[in-house]
Amino acid sequence: MGNLIRSKRFWLVAPAVVYIGFFMAVPLLQMAYVSMLERGDYGGVNWGVFSMDAYISFIFERDLMDNLVVNTDYLEIFARSFGLSAMTTVFALLLGFPTAFYISTQPQSRRNFLIFLVTIPFWTNILVRNYAWMLLLRNGGLIDGALNWMGIETGGLDVLYTPYAVSIGLTYTYLPFMVLPIYASLEKLDHRLVEAAFDLGADKRRAMSRVILPLAAPGIAAGSILVFIPCLGAYVTPELLGGGKFMMIANLIGSQFGAARNWPLGAGLGFVLLALVLISMMVYSFKFKSLPEESR
Amino acid sequence: MSDVVISARSVGKTFGSGADKVTALDSVSVDIFQNEFFTMLGPSGCGKTTLLRLIGGFEQATSGQILLEGKALNDLPPFKRPINTVFQSYALFPHLTVKQNITFGLEMQGTSRKQADGRAEEMLELVRLEEYGDRVPSQLSGGQQQRIALARALAPAPKVLLLDEPLSALDLKLRKEMQVELKRLQTETGITFVFVTHDQEEALAMSDRIAVMKSGEILQIGAPREIYEAPTHRFVADFIGDSNFLVGELVDGGAGERAVKLAGGSVIALSQDVSDQRKGPVTVSVRPERLGLIAGNDANADQLTGTVSTVIYFGTDTTYQIDLGNDARLTVRMQNGAGAKADFAEGDRVAITMSPDAVRVLAD
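Listed in order, the protein sequences are those of chains A and Y. With my numbering applied, the first sequence covers 186 to 481. With my numbering applied, the second sequence covers -9 to 354.
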């Protein structure tokens, strides 16, 4: 009887399983396969001709004498991507935590409204938002113009097409992903624990550092992951706000499938990124697995 | 038991403003003494928790003053008061171990690590949970969490310990155990306990003194026996234990004593000192177990008589509902067992006996 119900229930998830299984697993396996093939001369791959060139050329290149020498170009792009993503995550955290904390201290009716406000940027297409930032940041743009109008001679803001512009744009795009999980953990936080901290002699600063922050840590970690990982894969923002000059991983992968006509390398880069993300996720789950549940 | 530790002077507290204004406390004054187990007892919404939170510093009084050993506390935030709280929900820090919970307050005071650890051991021993120092609160049962909350609040050696209905989440058996435990802790530590509860039995069992509160006011303060045996208000008599209420008129009972004449003509003698100035209709309260029954035809003219309407046997005692006529009713509880004389059945005509000291004239 129980088995029958269980087997019937399986049909509830079957469509989703088939859909995800097919459209995620199959392309992923296909790309894994592609990454281990020889590149075709005009794009594509030579099916059936295996080669580890993609993974080798991630770190090495062949000089004129056909010797392998270390080539740090791709590593630099990876490092830059991680650096930019980390910077963005820090910005988002610095902006997001106070915002989430403020919202969590508001009365219930107001909280819902404020959370609604946080999600408003999602309503606009990401391309449109990035073009809007270009208009804001460019020399002679809205910000530059306003500063000059106020008598602050900028001589051109020179922010657009720099890593800073990319980070500003990414922070803006992913800020809600930081605010929402932190808010969720702060909202669950039992206010009486803060009172207990005060009661035991902790001032506001120490109540924050000893009670609120540790209890919001899972939310902070979740928010950081939700910002950091999509940042690593960001394509549109570095393309537009970085002007293509500051390539990030996604742009590099894109160019391998496009202009560079090196599909195996593009696929290989994708798997290197996936591996790095998985490793950081494992570190995260290992770190927070042992965290006790909030008291009932 | 002579030095005043906490003194509330005409303390008032209102929440909200305009049409939504709620008065939680209405000019309450009370002195709480050194080494006292003081209980604030009342139904929910009577202001007992508000008064506790005012003492703890979690709320600011709208009017009046709270003094700690003679010094005004009004503007002092909770973390600067030598007062600790055991919260109703325990509010143990879930991310810290039991030991870290206990040393939290000491650390905030700047106590050295070593000393704090020693004190934690001492506290764990005091609440008899020596082996649990390294666990986290979620691994403890409700009763154990309760003890740790106590240990945590006692560790910094506060002048006053506030307890906000700490036993309400426990089941009956555990609650009884913790009542004894709390009393023991209070005696052993010598710290003044201010306890808030809506459970009258709990209050009677543990307290040195009880303040009975209703609608933001303290109606009566006294030792448990005094509160039970000599309630001043109908609310107090009704809230603590069971009580019979009879309406009558104050008359001169002869020999300098006063008496109450009931509507039916019977007269109840009083031993209570009631001012000669007081006249007119009054309500008196009599506890059911302070009443006795005799057969109706043995009664004299002044005695209260009625008919037994219900008999309920409880084992240790039997409760009789007596119909006095004119919609008036009395409950009489008589102990069973050796020496028990009365045995009446429904429909029996009975007369009610009561000693003058069992009868209390109420203030309202």
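In case anyone wonders, no lab produced these hints; they're calculated from the structure. The beta carbon of each residue, even a glycine, is placed where N, CA and C say it ideally should be. Treat the hints with care, as some may be off.
Ranges of calculated distance between the beta carbons of each label pair, as one might list FRET restraints [what the hints assert, rightly or not]:
id, chain 1, residue 1, chain 2, residue 2, range
1, Y, G35, A, S470, 38 to 48 angstroms
2, A, K373, Y, D124, 23 to 33 angstroms
3, A, K373, Y, A147, 45 to 55 angstroms
4, Y, Q129, A, A264, 55 to 65 angstroms
5, A, V468, Y, G100, 16 to 26 angstroms
6, A, W334, Y, G35, 20 to 30 angstroms
7, Y, S34, A, F298, 23 to 33 angstroms
8, Y, G35, A, G206, 51 to 61 angstroms
9, Y, Q129, A, I205, 34 to 44 angstroms
Against the structure, the hints come out as follows:
{"no.": "1", "hint": "Y:G35 / A:S470: 38 to 48 angstroms", "verdict": "holds, 46 angstroms"}
{"no.": "2", "hint": "A:K373 / Y:D124: 23 to 33 angstroms", "verdict": "holds, 26 angstroms"}
{"no.": "3", "hint": "A:K373 / Y:A147: 45 to 55 angstroms", "verdict": "violated, 33 angstroms"}
{"no.": "4", "hint": "Y:Q129 / A:A264: 55 to 65 angstroms", "verdict": "violated, 43 angstroms"}
{"no.": "5", "hint": "A:V468 / Y:G100: 16 to 26 angstroms", "verdict": "violated, 35 angstroms"}
{"no.": "6", "hint": "A:W334 / Y:G35: 20 to 30 angstroms", "verdict": "violated, 60 angstroms"}
{"no.": "7", "hint": "Y:S34 / A:F298: 23 to 33 angstroms", "verdict": "holds, 31 angstroms"}
{"no.": "8", "hint": "Y:G35 / A:G206: 51 to 61 angstroms", "verdict": "holds, 58 angstroms"}
{"no.": "9", "hint": "Y:Q129 / A:I205: 34 to 44 angstroms", "verdict": "holds, 37 angstroms"}
Consistency with the previously given hints fails for numbers 3, 4, 5, 6, ordered from lowest to highest.
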